[in-house]
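The listed protein sequences correspond, in order, to chains A and B.
Residue numbers for the first sequence follow the numbering used here, beginning at 1 and rising by one.
Residue numbers for the second sequence follow the numbering used here, beginning at 200 and rising by one.
Check before you lean on any hint, since a few could be wrong.
Only part of the chain B face toward chain A is listed, based on derived beta-carbon distances under 8 Å [what the hints assert, rightly or not]:
#1 K235
#2 T259
#3 P261
#4 C379
FYI, nobody ran anything at the bench for these hints, they're computed from the structure.
All residues carry an ideal CB built from backbone N, CA and C; glycine is no exception.
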Amino acid sequence: MEYHLKTPLSAEDVKKLKLGDIVYLSGKIYTARDEAHMHILHEIKEGKKIPIELKGMAVYHCGPIVKKIKEGVWELVAAGPTTSSRMNSLEPEFIEKTGVRAIIGKGGMNKGVSDAMAKHGCVYLAFTGGAAILAAKGLNKVEGVYLEELGMPEAVWIMNAENFGPLVVGITAHGENMFVNLAEEIKKNEVEARKKLGI
Amino acid sequence: MITEEKIKEATVGLLQRASTTLPSDILAALKEAYEKEDSPPAKMQLKAILDNVDIAGKNTKPICQDTGVPLFYVKIGKVYYGDIGKAINEGVMEATKKVPLRPNAVHPLSRKNPGNNVGRNMPYINYKVTGEPWLEIIAFPKGAGSENMSALAMLVPSQGVKGVKEFVLNTVVKAGSNPCPPTVIGVGVGGSADIAMKLAKEALLRPITQRHEEPEIAKLETELKDALNMLGIGPMGLGGRATVLGVNVEYAYCHTASLPVAVNVQCWAARKSSCRIHPDGKIEYL
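Chain A on its own, in the form it takes in the complex (with noise of 0.2 Å):
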């Protein structure tokens, strides 16, 4: 099946979607890797409240590269997807707090971010990893940015996203894992290829 969904997501919204469908999104995106994750979870720890809402956002693992043209204004160059299997350990919590509704990334996650997400209603969608002018192009437009004293990778860019897509639904939000469920079919292959191998 094929979805178009607008940002802030419900829970109706995704917990329709099963693994393989294919997803285009709009509304507000934002951004985030290893360094947001870890500032925004410690922001929270200490009761602090944080200028963006993500109740029901969609958390992209992306670090875009993006032009200043002048105070405020940006161009997006490229902004393809960064390796989400860095954000395994921080992730559960983070779904938890936040109350995101949909993560975007590429390689998948693993099975602690599978169980979070079944609990608290959230979807994985993968992009294609390197695709970055694809992505730019649908994300269309750049509204803002949060902790930009992180660097240009690791701060949070918030886009204004128009169909950005197509993104491939890799955890659903009652658990289920296309990544787990591959890995078992390649260890099987795993036989064979060493048998070629003569190992």
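Given chain A, work out where chain B should sit, using these hints.
Below, chain B alone, put in the same frame as chain A:
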């Protein structure tokens, strides 16, 4: 004359070319992978990759937002040259603004980002001395998604070629979907710990269509490629035929008591660009 100004100009030109276009062997292999792939999700990933490369090339924009850390190989021939390191540093700073490249280089512990891709020991330049009548520079910007999956093993000699195959297979399985497959696998065998790692990366400088000059090593490359493509990791790790585009192996003689083996993983966006600067100052992009 080969001036620092010329080296700087070449550095900017190389980084622009490397980050916005793909080498022809890689592009041909991606197109072939697209033709051969029969699972729809895998085909969709390869289509996105090919479309992206096409648009990036036409608009001179970076293929991937991870424009890597600036690594260089410099071959110094029988020519006059100035302070190559200083000239390349300046070229990297200018290219970061001009292309633009993402400022990726940070202090490893404080994680502070100077914003220009230049810091202690970065750009990193590998020097070689040759007898050629020119200066050759290869820009090899390396992304982190693939580099993070690279690995070294200090095997014992009794593990032999089987041990080498085993380590390469395990490293690719462990890397899974993370390094943006279909990848190119560089393998370095022998030398010492650091030499094996260096050779693994240098192996990636050779076109994937060109087999090692020694038949035994060439056979190992083909055998590894075929076996790795049986794994079914597929484009972006969503399953499919194309897990690797190529496997290149380099080796060095090593101590009789050791067998180092290193794997350097390169993403599908296997970017590199090279040029020669001639004594008259002419820059010839290769």
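Cross-check of the supplied hints:
1. Here the hint on K235 (chain B) is broken, as its CB sits about 17 Å from the closest CB of chain A, past 8 Å.
2. The interface hint given for T259 (chain B) is violated, since its Cβ lies 11 Å from the closest Cβ of chain A, which is over the 8 Å cut-off.
3. Here the hint on P261 (chain B) is kept, as its CB sits about 5 Å from the closest CB of chain A, short of 8 Å.
4. The closest approach between the C-beta of C379 (chain B) and any C-beta of chain A is roughly 4 Å, which is under the 8 Å cut-off, so the hint is satisfied.
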